[in-house]
Each structure stands twice: as structure tokens, then as C-alpha cells.
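Asker: Chains as they are written, first to last, in numbering that gives the first Met the number 0: chain A, 0 to 185; chain B, 0 to 185; chain C, 0 to 185; chain D, 0 to 185.
Keep in mind that the hints were calculated from the coordinates and are not lab data.
Misleading hints may appear alongside valid ones.
[Stated by the list, open to error] The calculated lysine to aspartate or glutamate pairs, modelled on EDC-like cross-linking and capped at a C-alpha distance of 16 Å, are:
(1) Lys126/C <-> Glu78/D
(2) Lys126/B <-> Glu125/A
(3) Lys132/A <-> Asp93/A
[Stated by the list, open to error] Negatives, chain C to chain B, calculated, CB over 12 Å:
(4) Ala16
(5) Lys19
(6) Asp28
(7) Pro40
(8) Met47
(9) Glu94
(10) Ile129
(11) Asp134
(12) Asp138
Predicted model, so just to flag it, every value in this text is computed and none were measured.
Even glycine gets a Cβ: it sits at the ideal position worked out from N, Cα and C.
Protein chains: 4
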Amino acid sequence: MRDEKIIVTGDIISHHARTKLQERGVEIDAIAEIVYDLQHPYAPNLTMVECVESVDAVLVKREIQHAILVGIELDVLAEEGRLSEPLLSLITGDESLFGIDETIALGSVFGFGSIAVTTFGYLDKEKTGIIRKLDRSTDQVNTFLDDLVCSIAANASARLAHRLRDRDEAETKVVIRKPEDEELIG
Amino acid sequence: MRDEKIIVTGDIISHHARTKLQERGVEIDAIAEIVYDLQHPYAPNLTMVECVESVDAVLVKREIQHAILVGIELDVLAEEGRLSEPLLSLITGDESLFGIDETIALGSVFGFGSIAVTTFGYLDKEKTGIIRKLDRSTDQVNTFLDDLVCSIAANASARLAHRLRDRDEAETKVVIRKPEDEELIG
Amino acid sequence: MRDEKIIVTGDIISHHARTKLQERGVEIDAIAEIVYDLQHPYAPNLTMVECVESVDAVLVKREIQHAILVGIELDVLAEEGRLSEPLLSLITGDESLFGIDETIALGSVFGFGSIAVTTFGYLDKEKTGIIRKLDRSTDQVNTFLDDLVCSIAANASARLAHRLRDRDEAETKVVIRKPEDEELIG
Amino acid sequence: MRDEKIIVTGDIISHHARTKLQERGVEIDAIAEIVYDLQHPYAPNLTMVECVESVDAVLVKREIQHAILVGIELDVLAEEGRLSEPLLSLITGDESLFGIDETIALGSVFGFGSIAVTTFGYLDKEKTGIIRKLDRSTDQVNTFLDDLVCSIAANASARLAHRLRDRDEAETKVVIRKPEDEELIG
Chain A
0 MRDEKIIVTG DIISHHARTK LQERGVEIDA IAEIVYDLQH PYAPNLTMVE CVESVDAVLV
60 KREIQHAILV GIELDVLAEE GRLSEPLLSL ITGDESLFGI DETIALGSVF GFGSIAVTTF
120 GYLDKEKTGI IRKLDRSTDQ VNTFLDDLVC SIAANASARL AHRLRDRDEA ETKVVIRKPE
180 DEELIG
Chain B
0 MRDEKIIVTG DIISHHARTK LQERGVEIDA IAEIVYDLQH PYAPNLTMVE CVESVDAVLV
60 KREIQHAILV GIELDVLAEE GRLSEPLLSL ITGDESLFGI DETIALGSVF GFGSIAVTTF
120 GYLDKEKTGI IRKLDRSTDQ VNTFLDDLVC SIAANASARL AHRLRDRDEA ETKVVIRKPE
180 DEELIG
Chain C
0 MRDEKIIVTG DIISHHARTK LQERGVEIDA IAEIVYDLQH PYAPNLTMVE CVESVDAVLV
60 KREIQHAILV GIELDVLAEE GRLSEPLLSL ITGDESLFGI DETIALGSVF GFGSIAVTTF
120 GYLDKEKTGI IRKLDRSTDQ VNTFLDDLVC SIAANASARL AHRLRDRDEA ETKVVIRKPE
180 DEELIG
Chain D
0 MRDEKIIVTG DIISHHARTK LQERGVEIDA IAEIVYDLQH PYAPNLTMVE CVESVDAVLV
60 KREIQHAILV GIELDVLAEE GRLSEPLLSL ITGDESLFGI DETIALGSVF GFGSIAVTTF
120 GYLDKEKTGI IRKLDRSTDQ VNTFLDDLVC SIAANASARL AHRLRDRDEA ETKVVIRKPE
180 DEELIG
């Protein structure tokens with residue numbers, strides 16, 4: 000370690016978080032597909048481009064990036080047998096009552112509101128798309144990664160729901176400001 | 000108001016929380032049925048009696064009782080038009096981006112661990128049994144109540160999962176303490 | 000109730016949330032002062048203008064606005080004796096084990112990360128500035144309001160900490176991208 | 000790895016969690032002292048024995064034990080330079096915007112209610128007793144450990160507050176059931 004303190008900038012962290020996701024087999028598009036499936040029923044005109052963009056926006060957040068770095072590190076260390084027991088067995092066995100993977104993922108879900116939390120819970124149980132693939136993989140330990148993907152998808156989905164609502168409101172604003180509604184305002 | 004301070008004991012609160020649930024059409028058995036459906040796949044010998052008992056145990060918790068009292072009060076006040084605008088419209092309309100109902104329910108879910116949180120999210124989206132009935136009711140406002148039932152069922156389910164695991168462990172304990180496992184212990 | 004559905008826009012909700020805060024005696028400046036006291040030690044050049052701006056930005060969030068509307072409504076209803084027992088006594092007595100006020104406030108704190116959560120806990124216990132004034136008021140019931148103010152101040156403070164860091168990074172970026180740091184990136 | 004699946008029992012996990020705390024310099028008594036300082040003002044007859052007992056009860060919880068195992072493992076790996084960059088620098092530098100340590104600790108705080116959450120926030124900022132010692136240590140990396148101790152102390156303190164209240168209620172129950180209070184019940 001050198002004497003001078005290294006400042007780890009957001010740029011570096013962001014770069015690493017994205018790279019690690021990819022190295023572990025998770026492409027942005029695969030997460031965006033989950034988001035599309037979740038939001039399409041409520042927004043028929045939704046495009047995949049908007050979903051990718053929402054996933055990208057979620058990945059800009061520091062807390063998500065930190066969660067990704069910690070979670071994938073623990074998965075990899077477990078895979079390589081470089082954790083002490085009994086933690087190693089808890090993680091490699093994806094022990095059903097071990098909840099730190101969900102705790103870490105949940106920590107970054109709270110940032111996107113209660114809708115993100117319930118969506119996270121739903122995805123964690125239903126395990127659609129890439130989440131199921133990760134869950135069933137026998138090649139690598141994904142104890143933390145599958146929850147992280149649930150978290151990113153839930154956040155991107157909640158973010159999109161709020162955005163779509165803002166757009167709707169902007170369009171309907173003129174209509175609702177009728178005099179009979181005024182009592183709502185004053 | 001009299002001068003002497005009234006101490007509201009746990010007994011009184013517990014009695015009211017249970018009574019209000021019933022008055023709003025939610026029987027313990029209906030919640031226990033959701034718990035049974037959730038846990039039965041993992042515990043084939045599970046009985047409805049155990050599920051009812053787990054719901055009962057959850058309802059003993061102060062934070063759950065408080066959440067029930069606040070949530071049902073807001074539902075009833077909204078139903079009777081006795082809230083100010085725009086809160087009244089947000090609650091009677093069960094506005095999709097209004098999340099205080101989920102926040103209050105979630106507050107009492109955290110107490111039962113991360114499994115309870117994900118189960119809550121799942122129930123909130125799937126709306127099985129009595130939850131769906133409440134969600135679709137046109138007779139009464141259930142904006143808070145349906146989330147509260149999700150919360151109670153999720154908690155009772157997580158509590159049961161932990162209990163069943165403890166029982167399993169008690170039975171297998173002799174077996175696993177083989178010498179080759181000792182390194183795990185020391 | 001008219002047949003046509005009223006869409007409660009964000010504008011209306013935002014307007015009401017701010018107005019209610021003011022009606023209950025909470026000015027933006029008073030919250031900004033708490034933010035200043037919290038962040039000043041880490042950022043000597045911090046101005047009150049930046050703190051006010053951060054409080055303003057927090058008040059734009061839907062979840063905060065909803066929390067304010069629900070919390071103040073319950074305070075006012077309790078004050079006017081228009082809640083049923085035993086909830087009325089729990090709220091007017093600010094019963095120490097009643098935690099729904101904290102739960103609602105916490106729900107909107109999570110959105111600003113774990114630093115906001117710990118700052119909220121600190122403010123909730125230390126009760127500085129306007130928070131103490133609300134806590135000691137004998138004129139009105141502030142059971143929910145004092146927690147809401149803790150929440151807004153904690154959020155504005157955490158938001159500022161992140162912004163200040165981003166600014167620092169922008170300034171130091173050139174310096175740290177020295178060749179010997181490159182291994183961090185690749 | 001042998002073919003047969005190793006069931007990691009609660010006994011083993013509990014034993015390891017306690018041992019690791021001790022190995023890293025955290026005695027139960029040191030945590031109990033923080034609990035005593037927090038609760039003594041509200042309960043003058045409180046004894047250290049009760050505080051130790053409450054800390055013990057908290058350490059029985061699976062989620063706490065798991066949090067301890069994960070947190071201390073990350074501290075030790077960071078200390079030994081066995082984490083990849085930039086995570087290593089984030090943890091060894093106890094980077095102020097890195098919040099996964101707080102997220103993991105918070106995950107086990109939620110289980111003890113909103114009072115535990117606010118107490119955790121307070122301890123995390125005030126850093127009394129052993130927490131300050133850990134925070135200032137230059138011998139070992141305690142990025143996760145100091146938050147874990149905040150969490151255990153906050154939980155034991157909240158648990159005690161609830162117990163003391165239950166005891167008070169049991170003693171006063173006869174008194175409050177006066178006829179004029181009956182309206183609270185029916």
C-alpha cells in the first residue's frame with residue numbers, strides 16, 4: 000500500500016460494477032427484458048430502449064454499485080473456496096434461511112420506493128428470465144447475484160412506473176384543472 | 000380528557016386489533032389458508048392448526064397491532080369521507096404510486112426477516128385468497144387492509160419456515176456431528 | 000362523489016404537502032438549519048442557500064409528500080379527538096413503544112440511502128432545533144410531524160453529502176488518474 | 000467437497016458468530032455496557048445482568064449471526080488484502096459513502112422494531128464505548144464490525160425496552176381496569 004490515500008472515484012466503481020455483472024453472465028439487455036415484462040401490461044407503448052435506459056439509470060447509483068461489488072465478490076470467493084466455514088457452506092449451499100444476500104439487495108431497493116420493494120419480493124419468488132437461469136446455474140455460485148439482478152430489475156421497473164406517471168400527468172394537466180376541482184388545491 | 004394518564008395496555012390494543020380485523024371481514028382462518036398454501040410445498044406434513052397458531056403468534060406483536068389500528072382507521076375514515084383532500088382521493092382511489100399503505104405494512108414485515116419481506120412482495124403482487132377478495136371489494140375501502148393481510152401472512156409464513164427448520168435441526172443434530180464435520184465447529 | 004375519476008396530480012400533492020408543513024409551524028428554513036448543522040463540519044464552505052435547496056429537492060419526492068399528508072392528517076385528527084380508541088390515546092400520548100410514526104418517516108428515508116437512515120436515527124434521539132420545539136409543544140399533537148421533520152432533514156443532509164462528494168470528485172479526477180492507479184480500473 | 004450435503008446447524012453458526020466477535024476484540028460485556036447506558040435513564044433499577052442477558056438473547060437470532068459472519072469475514076479479508084479492487088480500497092478506507100456495512104447491520108436491526116432502528120442510527124453517529132474503540136483502531140479493519148456492534152446493542156436495548164414495558168403493564172394491570180376506562184375496551 001502506498002502512503003498517499005487513493006480516492007476511489009465513482010467512475011472507477013461504476014466501471015467495475017458493470018464489468019463484473021457482464022463477467023458473471025448478466026447483460027443489461029437481459030435485465031431490461033424483465034423490466035419490459037413487468038411494465039408492459041401497464042404501458043402498451045413501452046419500448047425495450049426505454050427499459051435499457053432505465054436499467055442504465057439504476058446502475059448509476061452508488062448504493063447499487065457497492066452492492067454489486069460486495070455481492071459478486073462473495074459469490075466468487077465462495078466459488079473458489081476462499082471463505083471460512085461455516086460461511087462458505089451457507090453461501091455455496093444457498094441455504095434457504097440465509098438472508099444476507101436479500102438484505103444487501105434490499106438495501107439498494109429501498110432507494111426506489113415501496114413499489115420497488117414489492118416488485119423485488121415478487122421477482123425473488125417468481126425468478127423470471129435471467130434470474131431463473133442464474134438460480135439454476137451449476138457452473139458458478141450466484142447466491143448474491145440473483146438477488147442483485149432482482150434488485151436492479153425491480154428498481155428500473157419502479158423508476159419507469161414513476162416516469163410514465165409523470166408523463167401522463169404532464170399530458171392530462173390541462174384537463175383536470177377544472178373549477179370544480181379547485182377545492183382540492185386551495 | 001381526565002387528568003390521570005390512561006395507560007393503554009397491550010391487552011386492550013391486542014383485543015382491538017383482532018376485533019377490527021374481524022369487523023372488516025378478515026378471519027384468522029383466511030390468513031392461515033394463505034400461509035398454508037405458501038409453506039405446504041416445503042412441508043408436506045404441515046397442518047392448518049399450525050398455520051392458525053403461527054398467525055396468532057404474529058398478532059401478539061405490538062408493531063403489527065399498531066399497524067392494524069392505524070391502517071384500518073385510515074381505510075374507515077376514507078370510506079366515510081372524513082379525510083381532507085387530496086389524501087382522501089389518494090386513498091379511496093388506491094392510487095398506484097401511493098405507497099404509505101405498503102410502507103406501514105412493510106414496517107411490521109421487517110421484524111420477521113428478509114424471507115418475510117420477499118414473501119410480502121410476492122403476496123402483494125399475486126393477491127391470493129382473501130387478499131384478492133379485499134382488493135376487489137366495492138363495499139369498503141381496503142387500501143391499507145389488503146397490505147396488512149399480506150404482511151400478517153408473510154410474517155406467519157416466515158415464522159413457520161424458521162420453526163420447521165429448527166425442528167428439522169433438532170432431529171438431524173445427532174447425525175451431522177460426525178468427526179469429519181468437526182473442523183466446521185472448532 | 001362525482002362519476003368522473005379525479006386524477007390527483009403531483010402538483011396538487013406537492014402544493015398541499017408544503018402548505019400543511021407551514022400550517023403546522025414548520026418552515027423550510029428551520030429544516031435547512033438542521034441540515035446546515037449536520038453537514039457544516041464536513042463542508043466548511045457550505046451555505047444556507049445550498050441547504051434550503053436540498054430540502055426543496057427532497058420535498059419534490061412523491062413518497063415524502065405522501066408521508067407528510069398521512070402523518071399530519073393523523074396528528075390533526077388526534078388533536079381534534081376524531082380517531083377511535085385506543086389509537087387516539089396511543090397517538091396523543093406519543094406512547095414510547097408506538098412506532099408507526101417512525102415507520103412512516105423511515106419509509107421515506109430509505110430512498111436516500113443508509114447514511115440518511117443513520118442520520119434519521121440520530122436526529123430522532125437528539126431532537127435538535129425545530130424538532131425539539133415540535134417535540135415539546137403543548138399546543139398541538141406532533142407525534143408524526145417531528146419524525147417527518149427528522150426524515151426530511153436526514154434526507155436533505157444525505158443528498159448534500161453525496162452532491163458534495165460528486166463535486167470533490169469532479170475536481171480531483173485529473174489528479175487521481177495517475178498511471179499507478181490504472182490497475183484499479185482494468 | 001464430499002457428496003453428502005452438510006447441514007450447517009444453528010448450533011455451529013451460533014458458536015462461530017460468538018467466537019468471531021471475541022476474536023475481533025468484542026466481549027459481550029462491552030456491548031451490554033452500551034445497552035445499560037442507553038436504558039438506565041428510563042429504568043433506574045436496571046442491572047448489568049439484565050443487559051448481558053438481552054445481548055445474549057439477540058445473539059440467538061439467525062439473521063444476526065449471519066450478519067456477524069459475513070461482516071467480520073469481509074473485514075478480515077480486507078485486512079489481509081484478499082479482496083479485489085476497488086472493493087478493497089472502499090472497505091479499508093471506510094469510505095464515508097460506502098453503506099453496505101450499514102445495510103447489513105440494519106438488516107438485522109429491523110427485526111427489533113423502529114426503536115431499534117433509531118437507536119442504531121444514534122449509536123452509529125455517537126459511537127460510544129467499544130464502538131468508538133473499534134472505529135479508531137489502527138490494528139484491524141473494523142468497517143463492518145463497528146456497525147454490527149451498533150446493531151447488536153440497539154437490538155438488545157429495544158428488546159429490553161419492550162420487556163420492561165411488559166413488566167410494568169403486568170404490575171399496573173389491576174389499577175387501570177377501572178370502569179371509566181371500559182369504553183377503551185369495548
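Asker: Of the numbered hints stated earlier in the document, which are not met by this structure?
Answerer: 1, 4, 5 and 9
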